[in-house]
Amino acid sequence: MRFKTLVLIIAILSVSFVTVSPAISVSAETRIRCASTTSTQNSGLFDYILPIFKKQTGITVDVVAVGTGAAIEIGKRGDADVVFVHARQLELKAVKEGYFVNRHDVMYNDFVIIGPPGDPAGIKGLKSAAVAFKKIAEGGYTFVSRGDRSGTNIKELAIWKKAGVNPKDRKWYLEVGQGMEKTERIASEKRAYTLTDRGTWLATMDKDRLDMAILLQGDPALFNQYGVMAVNPARHKHVKYKEAMKFVNWLISKKGQKIIASYKRKGEELFFPDAK
Amino acid sequence: MALVLKIEDLWKAYPGSDVLRGCNVSFDRRGVYVLTGPNGSGKSTFLRLCALLEEPDRGNINYLNDGLSLGKDIALKRRITLVLPKAGIFNSSVFGNMAYGLKVRGVKKSEIAERVDRCLESFGLADKRKQNALTLSSGEGQRLSMARAMVTEPEMLFLDEPTASVDHKNSSFIEELIFRMKEREGPTVVMTTHDVAQAGRLADDQLTIRQGRIIPLRRPGK
Amino acid sequence: MHYLIQAFGHAFSIIFSLDPVLLRIILLSLKVSGWALIISTVLGLPLGAVIALKRMRAKGLMISVMNTMMGLPPVVVGLFLYLVLSRSGPMGFMGLLYTPGAMIAAQTVLALPIVAALSHSAIVNVDPIISQAARTLGATQFQTTVTVVREARYGIMSALIAGFGRVMAEVGAILIVGGNIAGYTRVMTTTIALETDKGNFELALALGIVLLFISMIINLALYMMQKKGDRWRLS
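Chains A, B and C, in that order, give the protein sequences.
Just so you know, the first sequence maps onto residues 320 to 595 in this note's numbering.
Just so you know, the second sequence maps onto residues 48 to 269 in this note's numbering.
Just so you know, the third sequence maps onto residues 263 to 497 in this note's numbering.
Treat the hints with care, since some could be wrong.
[As the list claims (entries may be wrong)] Rough simulated footprint, nothing fancy, chain C against chain B, three-plus residues with beta-carbon under 8 Å: (1) 123-132; (2) 145-153; (3) 194-200.
Derived from the structure by calculation, the hints contain no laboratory data.
Note that the Cβ used here is the ideal one computed from N, Cα and C, for glycine as well.
Put together the whole structure using the sequences plus the hints.
Here it is, written out as structure tokens:
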């Protein structure tokens with residue numbers, strides 16, 4: 320090929336990329352970045368509420384969905400304007416360390432223990448998640464763990480601790496390091512138990528053809544609190560604090576709370592607003 | 048006066064063998080100089096040094112114009128050329144190969160076309176103009192190789208075994224060309240050959256290499 | 263098996279429905295990978311040529327480094343760039359993280375060694391007689407280099423196709439530095455990963471087929487241009 324031809328092709332490509340490109344010319348509109356968790360994103364909540372928020376305020380919220388641990392880390396480094404996760408203790412700790420300000424409870428849902436419908440470990444009917452975990456451990460039934468420092472994983476480890484069991488390196492304990500939905504699928508394939516949030520479970524049980532059932536729910540220890548907090552502008556000068564606070568305040572406002580409550584999957588409410 | 052080449056005390060060694068050991072020679076008249084000698088005697092090396100493709104270990108290669116010594120810059124290199132024994136044809140059309148030397152000199156497009164076409168005609172390659180040059184026969188390739196050197200109108204032309212790998216027909220054609228160059232006051236030609244009869248037919252001056260030195264053989268007609 | 267059939271059906275409906283969301287994702291993929299390839303070519307081709315043609319010390323070392331970089335795990339590249347581009351990192355002031363620009367940077371890091379190393383080997387394999395012939399015909403050092411590079415054009419084209427293939431198929435690095443933000447940094451591969459995560463296997467597979475399809479069109483186009491370029495040259 321001729322060099323001139325090559326140069327011409329490159330020039331044409333460049334021009335077409337720049338002109339056709341949808342994304343590069345968006346700097347004029349207001350965008351904030353929200354670090355959140357995969358479970359929140361996969362539940363479909365953001366797809367539901369963010370367009371409404373944009374309509375009312377003109378602010379686009381870009382969601383980076385990672386594990387809770389990574390989301391908080393991204394916020395700490397100043398790579399997000401607002402963090403929306405579900406690990407109350409970690410959140411409060413990070414606020415205390417000065418990384419975040421204005422943390423608010425937004426909503427909750429709950430975790431449930433799911434497993435094979437036949438329930439080989441016999442945990443159905445138990446009231447305490449810790450007792451159920453102990454039974455699973457004693458029987459050596461397979462348990463699939465997220466193993467990714469996500470909010471769910473942190474909750475799960477807290478329950479193991481309460482049960483007095485250290486599951487690490489046990490043959491029946493599988494740390495898969497995957498998102499919630501994949502973890503559910505792996506558990507289903509392996510006829511294993513796992514801990515999941517109700518939102519993901521409801522959103523995925525049919526779609527993924529999971530051969531699983533809820534075996535334990537309602538233990539107060541399985542309560543799953545979601546919180547939102549803004550990155551401390553004193554620490555990271557570049558963050559869009561004003562817009563971030565608009566988002567935070569909208570989430571905890573009457574209007575925002577009502578919209579969260581109105582998000583339903585299969586007729587069931589997924590998140591229960593509880594901002595004070 | 049034309050371009051003159053004076054060589055003094057030229058040495059060149061490759062790992063394992065001394066090839067040239069103190070060559071002294073001048074190419075100071077228009078005409079055809081033919082260098083003979085056995086394989087491996089250093090003929091090719093000598094031409095490559097003359098054409099400034101390589102640096103000597105020792106000694107001087109002096110190009111002079113009207114007695115003035117010239118620097119070995121690109122301007123000088125564009126007044127001389129070497130036709131290599133292996134054709135070194137570019138992967139493009141016959142025309143593209145022919146135009147190359149003129150293109151790098153920044154000659155205008157219309158002039159390139161005119162000069163190339165004229166040259167292709169005289170080398171009997173006009174009908175191959177658009178063909179990919181790599182598909183030519185070896186004889187045609189050698190002709191193209193000479194043609195694309197000649198189209199640049201060199202003042203000094205080095206030919207390394209121009210007829211070594213071609214058939215009889217092409218060999219006669221190339222000899223004919225060299226004769227015509229003499230008649231038309233063409234460039235000074237310095238060529239190598241292992242064909243003694245050919246050397247006799249073409250040479251104004253015959254030289255040979257013995258033990259790394261250049262020795263004149265005879266001057267026909269003088 | 264019915265998954266596959268459904269996926270093919272889905273793939274065609276995606277292509278022909280021209281859904282604006284998916285179209286945007288496809289265009290962004292092309293834009294990011296296209297820019298990465300252009301930058302890699304502008305930097306990598308001269309680099310490969312210089313290493314191939316210049317006499318220099320530590321040449322063997324440079325070639326080894328290039329070849330090693332070809333096998334860089336994308337996740338490592340992504341993580342490294344994340345730390346560099348993060349607001350708390352050395353280049354944080356640019357605000358490039360989670361933008362298409364960061365994704366272009368990541369893919370450039372991945373494509374550059376491929377373009378450079380494969381161009382280098384294409385250029386090294388050009389018969390040395392070519393550069394000698396160019397010099398005897400009066401080419402300057404630079405013109406000689408251009409001639410040799412041009413003789414290697416088929417190999418260089420393969421290098422570009424290989425580089426483009428790697429970045430188009432890549433997901434690990436752009437997921438980390440792009441963040442897979444809907445409508446902003448979401449490209450085909452990260453969409454495929456996300457939809458797989460979400461259990462939308464048919465959609466994920468359909469997108470995979472679309473990706474393959476696009477790659478094929480691009481490769482065919484490059485091939486045709488090469489052919490056509492040669493025809494022009496011969497006329």
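*Check each numbered hint from earlier against the structure, then list the numbers of those it violates in ascending order.*
Every hint satisfied by this model.
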